[in-house]
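Protein chains: 2
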Amino acid sequence: MSEHAPPYQIESHDPDQDPLTVPLLFQQQRSINSTSQVADVCPFESLDYDSVSLVGFFNNLAVENIAGVKFVVTSNMMLSRRYGMAFLVFSVSNLVLTLFAAILTAFISPAATGSGIPEVKAYLNGVDAPHIFSPRTLMVKIVGSISAVSSSLLVGKAGPMVHIGSCIASLFGQGGSRRYGLTWKWLRFFKNDRDRRDLVTCGSAAGIAAAFRAPVGGVVFALEEMSSWWKSALLWRAFFTTAVVAIIHLALIDVCYSGKCGLFGKGGLIMFDAYSASVSYHIADVSSVFVLGVIGGILGSLYNFLLTKVIRVYNFIYEKGIIYQIFIACIISICTSCLLFGLPWLASCQPCPSDAPEACPTIGRSGNYKRFHCPPGHYNDLASLIFNTNDDAVKNIFSKNTAAEFHLSTMLVFFVTCFIPSIFSYGIVAPVGLFVPAIVTGASYGRFIAILLGSHTNLGHGLYAILGAASFLGGSMRMTVALCVIILELTNNLLLLPLIMMVLLVSKTVADAFNGNIYDLIMKVKGFPYLETHAEPYMRQLTVADVASGPLQLFHGIEKIGNIVHILKTTRHHGFPVIDASPGSESPVLCGLILRAHLIALLKKKAFLSTPIRLGVDAFRHFSADDFAKKGLGNVDKIEDRIN
Amino acid sequence: MSEHAPPYQIESHDPDQDPLTVPLLFQQQRSINSTSQVADVCPFESLDYDSVSLVGFFNNLAVENIAGVKFVVTSNMMLSRRYGMAFLVFSVSNLVLTLFAAILTAFISPAATGSGIPEVKAYLNGVDAPHIFSPRTLMVKIVGSISAVSSSLLVGKAGPMVHIGSCIASLFGQGGSRRYGLTWKWLRFFKNDRDRRDLVTCGSAAGIAAAFRAPVGGVVFALEEMSSWWKSALLWRAFFTTAVVAIIHLALIDVCYSGKCGLFGKGGLIMFDAYSASVSYHIADVSSVFVLGVIGGILGSLYNFLLTKVIRVYNFIYEKGIIYQIFIACIISICTSCLLFGLPWLASCQPCPSDAPEACPTIGRSGNYKRFHCPPGHYNDLASLIFNTNDDAVKNIFSKNTAAEFHLSTMLVFFVTCFIPSIFSYGIVAPVGLFVPAIVTGASYGRFIAILLGSHTNLGHGLYAILGAASFLGGSMRMTVALCVIILELTNNLLLLPLIMMVLLVSKTVADAFNGNIYDLIMKVKGFPYLETHAEPYMRQLTVADVASGPLQLFHGIEKIGNIVHILKTTRHHGFPVIDASPGSESPVLCGLILRAHLIALLKKKAFLSTPIRLGVDAFRHFSADDFAKKGLGNVDKIEDRIN
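Residue numbers (our numbering), protein chains in the order written: chain A, 1 to 644; chain B, 1 to 644.
These aren't lab readings, by the way, just hints derived from the structure by calculation.
One thing to keep in mind: the hints can contain errors.
Since the list can't tell identical chains apart, any single copy or any two copies may satisfy a pair.
Distance condition first, Cα-Cα at most 25 Å in a straight line; then the derived SDA-like pairs of lysine to any residue [unchecked claim]:
{"#": "1", "residue 1": "LYS185", "residue 2": "PRO353"}
{"#": "2", "residue 1": "LYS560", "residue 2": "ILE334"}
{"#": "3", "residue 1": "LYS231", "residue 2": "PRO529"}
{"#": "4", "residue 1": "LYS526", "residue 2": "LEU306"}
{"#": "5", "residue 1": "LYS231", "residue 2": "ASP128"}
{"#": "6", "residue 1": "LYS309", "residue 2": "GLU319"}
{"#": "7", "residue 1": "LYS191", "residue 2": "PHE620"}
{"#": "8", "residue 1": "LYS191", "residue 2": "PRO537"}
{"#": "9", "residue 1": "LYS231", "residue 2": "TYR530"}
{"#": "10", "residue 1": "LYS231", "residue 2": "GLU532"}
{"#": "11", "residue 1": "LYS400", "residue 2": "ASP254"}
{"#": "12", "residue 1": "LYS260", "residue 2": "ASN458"}
{"#": "13", "residue 1": "LYS526", "residue 2": "MET539"}
As the structure is a prediction and not an experimental result, all values here were calculated from the model.
Using the sequences plus the hints, can you model the full thing?
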């Protein structure tokens, strides 16, 4: 296990040019065959690749060259100094990126913390938490999630992308942002709660569609996980939204066809194409897949349990001040850097297989056989998983015909390296998601089981990894149809469908016995109330008095302006019952509830008379629906502004 | 076009044995390489192949052999006599099958007519039409749809399979069938409206999953098209149902691996596998696909318009008596037979291409290059589409690298042959569906456009056929996500996804400008009321009096048994308002509505007292929920049975 690399002379893998003499940028450029120097060294070029491009870059640096200075390595001391320098660059750049994301989030928009899926889900259930859709949150979410994902932390991009999609949709739903001067007249038709909710649902579908290039998966995700309320028209509107995402994806891939957009250009419409893997299984294989589902369910519920505990502890610490929030982010970043850089040393170097499906060993930003500290012609299997973007790590684990590539111990170490750090990374004050870490963790678990089973199964190791990812996602997120469609769209292998369905159902059923869906648990920790479709039995006994705050203030059908202004100023109630005592009746009649916002709108329009007479339906003619349209965030009319 | 085949000497395609001397059964057996004689000649062997296996069988017969008698064909007269004989066998067997289905449906269960999807959709909306889920309907639907689909009519199997799934689910929901002695005690927990509705939704999902081997498509279909009401738990229950369907499919395919189940054994999990077709398209291709969607939408809405008109005319004729219903079925069958047998004569014989992807020419039950009346080494392209099962016809149209196989005129003739007869076939008194005819029609339209465009497009002809099928389905059925998922699961080509999404949205939008969804139109013709999620504005003005039938009969909180029995006997109301005039109050209070079924249940239990006293909540203890469980069909308690 812990065989250390012997000191050796680093040799050129290209006989024409000694790598130690070639300037760094040029070398980099040659290895990934790109045309833009800036794009090559910039880790932010692609939103789509969610882990640090810097990892590959500094890995390259560590083995061969530091800052373009020519070295001839002859001693252990020199080597270790070079590795130490590489580690320093690696960990410091990670720390800077994490710090940037954390400071941005903590000081500018704390609402952008976390994945954002629980907030959007709560909004679609009727709970409009403050600032979750403000333009400021949107900006922090975009910049912060790029930064956090690039900082080698085990965090995802899907959740933030769902939140970003919902924020943009919500901006349309409030007629643009008045504060930033982004208002459009034609948007006023959507300025009501129903349209805004529909837009946010479509926005969340677009987020998943963009994150996983899974347009149908996005629609089903919005339906199954996000929305509390659904109608047929919303289904095809969400479908339209994700169709636009798919067409734009297509156009961008077309533009980037020649590879001029860095890693984005290398990907096709399918992120982890596993089609050509030969899927030949029989009913007998179903039993092992069943067991995979059971264990995946247990692991998923354990993940949920630990994650909520960690978030509670973090919240307890966070209450002490922003400095503690930043501090924790730094600690997590440093620990992750140490773990990632240190663990591959434990793995032994393997000789490159002669029938490897791709180049071996490589030192670039992606690739299945990473050299790291190994001698030429050898690769480090743990480094192949760690020194890659998360997407490429999943691709490597899903890869077919590579049964001998990964060792049992490597997969176990990598599984633990994903499971534990992703739990601790989620709670930091930065826009970070859960989806991709769960896929990586599940895939490594699946591949571990495949190696354990060895020749006892007909299914390939890559297929086990897919099923493992499905079981872990099912155990943690408890979706069925949505996860099934997303996994299909990620892997493009419909022949696996019956097994994926089974594994999802088994893991969901097993995990449901222990605790709830991860997003529901986070919502509970964050204190968002969530109303189920059916009322709880105790709710049947509730009356209005139980949920309204007192003392009761009410208005009559005809009321004095002074009285209204006084009550509006002295209370903070959002609505007031209106009662009317008609002369003939023995008891007053409840006419309904009038909202504070509507009262202020009426006062603002000076829609009152000097004589107390009862108006007919004609009175409505003086108002348009627009007068009572829902205001955007930060644009709430205050009684103090108007009546003074 | 109308080049007639010259008289020629029929030659053996196997030099070892003259086909004219080999007994028929053996020949048949050799050509499809099967082990069971009975299964070979029986056209009913596979529910999965929805058109007549007999077609291939008699095609074979026509060209080579009639009833095992040795012929040496030397003259035109002999040839035409043989073709005449073949036509007779073909049309008579079609007629017998159609007649069988029609008689079964007309005399035993008229509720089994048509696809059944509108009935199930109406049920899920709250309209429980009589007998739609009775065991008798179930049996007629199963036997009748096999018979109708085998009779060469252009009808589908998907609709009947949805109805069959729903019938079985409904039987579970009413605790089994008491009349046929199929009752189970453990089913009593589902004997209520909510569980029965959930079961029927899952049953309809299972129907689509079984018909198209599309488990996820089935769930989304049930959600988008069938159900009026949906909750998260129902989603994963439907998913569970279709997962079971998928696993059973897998097991059956495993059992039939060696081809011992006829055509079923030949199919894999993907019905029309189009994966290996090279999909390389650019944004420029999107414009032609857009036009395809527009025309598909127009054709789809025209189809809906004509179909409803034809059904109205049929309904008008059907009112005159059952004999007219049978008569129309016979006319349609004879016309279809003439059309199918006559049209291939108009197509010219083509020489077999040297690079054909499969055997050419063939005379078996499936295959892409049918010989029909052509000389050896030639094939008839129209016969390749007509003398196949519908599934194989779709497979041939979707096939890749066969751009030169079909002529423009052939595709046009085939498109019209699908479009018009499928409209006339739907209305006959037999369990027939719409889905598969719509796929065939749309596919031929798409391929026609592809041939028309020629080299102006990058996409293959087979891919155009897939998009054509999507556009026609979208134009007729107006689903989006469900159709998208079903088409993906049918063709296994996720790279086409953005184009399929676009074409579906375009065709749906265009068609929505003209008329409604085909199933909604049929529901309207059949007279099922359908309640939308939102009430129509006029409904806001309705009162109970507008929808209740008079004269009003009401009960008091304490009522005499004699009075109740009298009212139950003299009226046919399903519910009665209960009012209570408490001594102190000035006006009576409405307590609620009591159902006739519940009153009869109370009377049956003799749950009444001799003294008129008001009972407390304790009275509920004497009853279990089971006493008021919804009765199954045909088991309604009648007041006459009980009180005499």
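Violations among the numbered hints: 1, 2
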